[in-house]
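*Asks:* Residue-level listing of the chains:
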Amino acid sequence: MLPQNLGTETNIKLPFSFILFSLIALVASQILLLANGHMMTDGTFRIPEIWSAAHLLILGWALMVAMGAMYQLVPVAFLTKIWNEKFGFVQFFITAAGITSFSAMLYFAPQNAVIPGVITLIGIFMFLFQMLMTLRTQANPNILTAFVGTALVCLFLTIFLGITMIYSMKTGFLGEHYQAIFKSHLLLGLTGWFTLLIFGFSYKMVPMFSLAHGFPMVQSRYVYGIYVSGLVLTIISFYSDSSILLKNGFFLLFAGFSIFSWHIRIIVKKRLKKKLDKPFSFALSAIGLGNVIHAAAFMVLLSSKFASLIGPLLYCYILLWIVLSIVGYLYKIVPFLWWTYKYSKEIGKAKVPSLKEMMNEKLIVPVLSVFIGSVLVVFLALVLKTTILFNLGQFVLSVAMLIIASSIFSVLKK
Amino acid sequence: MNLEEKIFEELKSVYDPELGINVVDLGLIYSVGITEENDVSITMTLTTPGCPLHNSITSGVRYCVEGIEEVNKVDVNLVWQPAWSPDKMTEDGRRALGR
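Chains as they are written, first to last, in the numbering used here: chain A, 1 to 414; chain B, 1 to 99.
Hints listed in this document are in silico derivations from the structure and should not be mistaken for laboratory results.
Only pairs whose alpha carbons sit at most 25 Å apart, straight line, appear in this in silico SDA-like list of lysine to any residue: (1) A:K356 / B:E91; (2) A:K414 / B:S59; (3) A:K349 / B:N2; (4) A:K269 / A:V292.
Please model the complete structure; the sequences and the hints are all you need to start from.
*Replies:* The following block contains the structure:
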C-alpha cells in the first residue's frame with residue numbers, strides 16, 4: 001500500500017471569489033435585461049444596455065463561473081495542485097475589474113470600451129497560462145486532460161477570432177471571411193469551450209456524485225474523437241462554403257454528443273447511490289436536452305428552415321445545455337466550498353451538517369422546472385416571432401435566474 | 001469494549017458530508033493499529049482519488065480519535081491501494097444508500 005497525501009486542495013477563497021462575482025454579475029445582467037427587455041422584442045437588441053447585459057451574462061457569469069469551477073475541479077480531476085494560487089488571485093482581480101469596467105463602459109460609453117476590453121483579455125490569458133502550467137504538471141494525462149485541454153485551446157481560439165472580428169470590422173481585413181470567422185467564433189465558444197469542458201468534468205463528477213463504480217471508460221475516446229472531428233469539419237465547411245462538409249460536421253457533433261449521453265447513462269446505471277440529489281439530476285437532464293438540440297440542429301440543417309431556426313436552437317443550447325449544467329453543478333459546488341470553509345475543522349469534534357442540508361432542496365425542483373419551461377416559451381416566441389410570448393417567457397426566466405442566484409447565495413447563511 | 005472497538009465506535013460519528021454515511025459503514029477504514037503506548041495508526045481510503053473532501057475527512061478522523069481519553073498519538077495514513085470498492089461497505093452503509 002502506498003501512503004499518499006496528495007495535498008492538491010485549492011485555497012477555497014480562490015474558486016469562491018470567482019463564483020461570488022459570477023452570481024453578482026448574473027443578478028446584474030438579469031436586472032438589466034428586465035429593465036430593457038422590450039427593446040429586444042422590438043428587434044433593437046444591438047443597443048448599449050443589451051450589450052452590457054449580454055457581456056455580463058457571458059463573461060461575468062458563465063466565463064467567471066467556469067474559471068472558478070476549474071480552480072476547484074482541476075486539482076480534483078487531475079490530482080495536481082494549481083500552479084500558482086497567488087497568480088490566481090491576481091488573475092481574479094484583473095478579470096473581475098476588466099469585466100466590470102467593460103460592461104459599465106458598454107452601458108455608459110461604448111466608444112471607450114477598448115481599454116477595459118484589453119484588461120479583460122489580459123485576465124483571460126492569465127487564466128489560460130495558469131491552466132497550461134497546472135496541466136503540465138499532471139503525472140498521468142488521461143482522456144479528461146484531452147477534453148479539458150482541447151476546451152482551453154477552443155477558448156483561446158474563440159478570443160482570438162473575436163479580436164480578429166473587431167479588427168476586421170475596423171479595417172476590412174479578411175472582410176470576405178467575416179461571416180465564417182463569426183460562425184467559428186460562436187461554434188468554438190459554445191461547443192468547443194463549454195461543451196468539451198462540461199464533457200470532461202462530467203466524467204469526474206457524475207461517478208463522484210452518484211457513487212458509480214466498475215463502469216467502462218472506452219466510450220469516452222469515441223466521444224472525444226467524433227465530437228472534435230465534428231468541430232473541425234464544421235469549421236472547415238464555414239471557410240470552404242461546403243454544405244456537404246457542414247452536414248457531415250453537424251452529424252458528427254450529434255453522434256459524439258449521443259455517445260456521451262449513452263456513456264453517462266451507462267455510468268449512472270452503475271451507481272450505488274439509488275436516490276440522486278435534485279440539482280445533480282437536473283445537470284443530468286441537461287445532457288438529454290443537449291442531445292435533443294444537437295439532433296434538432298442536424299435535422300433542421302437537412303430541411304429548408306435552417307436559417308430561421310438555428311438562432312432559436314442556439315438560444316436553447318446555451319440555456320438548456322450549458323446554463324442548466326452549470327447551475328446544476330453550482331448547487332453542488334457552492335455548498336461544498338462553504339461547508340469546507342465553515343465546518344471542515346469541526347468534523348470529528350462536533351455534529352456538522354451534510355452538504356445536502358446546506359441548501360433548500362425543496363426549492364430546486366420548482367425553480368429549475370420553471371427555468372426550463374420559460375426557456376421553451378422564449379424558444380417558441382422566437383420561432384413564432386411573438387412579442388407577448390417573448391416578454392412573458394423572458395420575464396419568468398429572469399425571475400427564475402434571480403431566485404436561483406439568491407438560493408445559491410442563501411447557502412452562505414448556513 | 002477494547003480500545004480498537006472503541007475507536008471504531010467513535011469513528012461512526014465521522015460522516016462523509018456528501019453521502020451522509022459514516023466512514024466505518026462506508027468501509028473507508030482499512031485498519032487500526034495500536035502500540036503498547038496507545039499510539040494509534042489508522043489506514044484509510046476515500047471513495048474516489050482526488051475526492052475534494054479528502055483533507056476534511058482525514059482531519060475529522062484524526063480529531064475524533066484524538067478525543068478518546070486513552071489514546072496517545074494519532075497518525076492517519078491515506079492510501080489508494082487497494083482501491084475502495086462497494087463490497088467494503090457494511091450492511092448499514094448499503095441500506096443508507098438505498099440499496
